[in-house]
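Visitor: The primary structure of each chain is shown beneath.
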Amino acid sequence: MEGYNFAYLDEQTKRMIRRAILKAVAVPGHQVPFGSREMPLPYGWGTGGIQVTASILGADDTLKVIDQGADDTTNAVSIRRFFARTAGVRTTTRTAEATVIQTRHRVPETPLREDQIIVYQVPQPEPLSRLEPSRVQTKIMHALGEYGLMHVKLYEDVARYGQVSISYDYPVMVNGRHLMAPSPIPAFDNPKLDRMPALQLFGAGREKRIYAVPPFTSVRSLDFDDHPFRAIRAPHACGLCGATDCYLDEVVVDDRGKRLFVCSDTDHCATRREAGHSGADSLPEAAE
Amino acid sequence: MSDAIAIPGFADPVADSQRAFRAVLDAMARPGRIADLGEGLRAPAPLDPATAAVALMLADQETTVALDGALRDAAPWLSFHAGVTLVDDPTRAQFVIASICPDLGSLDAGTDEQPETSATLILQVPGFGAGPGYRLSGPGLENPAILHVQGLPDGFAAAWQANHARYPRGIDVILCVGNRVAALPRSVSVEQL
Chain A
36 MEGYNFAYLD EQTKRMIRRA ILKAVAVPGH QVPFGSREMP LPYGWGTGGI QVTASILGAD
96 DTLKVIDQGA DDTTNAVSIR RFFARTAGVR TTTRTAEATV IQTRHRVPET PLREDQIIVY
156 QVPQPEPLSR LEPSRVQTKI MHALGEYGLM HVKLYEDVAR YGQVSISYDY PVMVNGRHLM
216 APSPIPAFDN PKLDRMPALQ LFGAGREKRI YAVPPFTSVR SLDFDDHPFR AIRAPHACGL
276 CGATDCYLDE VVVDDRGKRL FVCSDTDHCA TRREAGHSGA DSLPEAAE
Chain B
-1 MSDAIAIPGF ADPVADSQRA FRAVLDAMAR PGRIADLGEG LRAPAPLDPA TAAVALMLAD
59 QETTVALDGA LRDAAPWLSF HAGVTLVDDP TRAQFVIASI CPDLGSLDAG TDEQPETSAT
119 LILQVPGFGA GPGYRLSGPG LENPAILHVQ GLPDGFAAAW QANHARYPRG IDVILCVGNR
179 VAALPRSVSV EQL
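Just so you know, the sequences run in chain order A and B. So in my numbering, the last spot in the first sequence is 323, and the numbers never skip. So in my numbering, the last spot in the second sequence is 191, and the numbers never skip.
Do not take every clue at face value.
To be verified - Calculated cross-link-like contacts (lysine to aspartate or glutamate; reagent style DMTMM-like; alpha-carbon spacing at most 20 Å):
1. A:K243 to B:E60
2. A:K188 to A:D204
3. A:K188 to A:D258
4. A:K243 to A:E46
5. A:K174 to B:D110
6. A:K243 to B:E111
7. A:K174 to B:E111
Stated by the list, open to error - Listed next, the stretches of chain A that the computed footprint assigns to chain B, with coverage defined by at least 3 CB atoms under 8 Å from CB atoms of chain B:
8. 60 to 73
9. 87 to 95
10. 171 to 177
11. 206 to 214
12. 249 to 256
It should be emphasised that the hints constitute simulated quantities derived from the structure, not laboratory data. Virtual Cβ for every residue (Gly too), placed ideally from N, Cα, C.
Excised from the complex, chain A in its bound form (with noise of 0.2 Å):
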């Protein structure tokens, strides 16, 4: 595109952001500051997700972008045209097309390979914000490997309500030493995290912070001996292709209040029902 540089950014802020994910690798888990860019769309947009894809992308990557597991919605839409826009890169709805994979909330169903990598955006990377304000607290804790607060959340939790009450943005433990914040991802994605093969690498814009997860690397849901972590689904088929083992959106679909389970993957129900699945709900001329 002319007058910007090739993926927008300008290359002193792609070796930084560069030399940000090369020590987030080698610390699993840790959050490292970077120095956020203001971008051409507002914050809670993505930015931090799409300052790391503008540093990693190269002219022979294909670029796959979801929004709650969805290719067409606008989130989704918009950061795959800036792309194919600023750096010209191939783009695709396709799971197994993409070498790298921008998502906002959602791990895709089809298994990640070794030769991808997936990025978050994320909204809060830090874990413990919820329950301890101060920045220069929760470093602490993480630097003295000090999650005692987390797990008392939990417990009360547990005393309260019977299980965790905690369906997105399940915390994890990265290589047995960080408390990591998966994004909001639903607790149903999390066991996808665990020894992944694909890279993962997590953007967070308006904090300035990236951090990242190795290949192969142990992420572990916080949970109790006696209360172990649990991934919940709605306990539904997907109304258009029949799938009953992946995340489902709930949508309402008239006046009445009826409503309609639908596989929150677009990619992942079209190629099954591509291969022939259906659901209690597809229409005849959606079978085509």
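Given the coordinates of chain A, work out where chain B should sit on it, guided by the hints.
Guide: This is chain B only, laid out in the frame that chain A set:
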């Protein structure tokens, strides 16, 4: 201007540094994997193309760099093309570029609160695939990996384990040979075969 300074850094600064970064990222994310930076890189003696590419890709006017004695001839080239601040004392540098492995314990290992401030050692070694073998295990590795490196000092594994034991503090190492790199992040555990 001397001839050595005139050797360009990257022929295509944007694409070449991106390719170099992805190779180093791949190596850092999967310790022991040897990544190729591609052909076409030129570097002034005594730097190998990989060493020069890693330095140009990561260092700039915001970083401090120390060159060890044998590589000191590359100082004018590096400060001209990358604009780095060269320091004499490797213990105060963010990037230490060396051909002889310095004492890892003497370099800046960062703090427990800010382990990302630690030094990165860019170590130019004679070769991969021959020489002493090291078994690596830790994050990034599904199964332990074997890396053969020439030119590391005797007792490197023990020195590395002392570095690893300070985790999350510690030095990260990028090994460079010709136009190839391998990396040892501080999170990895090293055992000599």
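Visitor: Each hint needs a verdict: does it hold in this structure or not?
Guide: Verification of the supplied hints:
no. : hint             : verdict
1   : A:K243 to B:E60  : 18 Å, holds
2   : A:K188 to A:D204 : 14 Å, holds
3   : A:K188 to A:D258 : 11 Å, holds
4   : A:K243 to A:E46  : 18 Å, holds
5   : A:K174 to B:D110 : 9 Å, holds
6   : A:K243 to B:E111 : 16 Å, holds
7   : A:K174 to B:E111 : 6 Å, holds
8   : 60 to 73         : holds (count 7)
9   : 87 to 95         : holds (count 5)
10  : 171 to 177       : holds (count 3)
11  : 206 to 214       : holds (count 3)
12  : 249 to 256       : holds (count 5)
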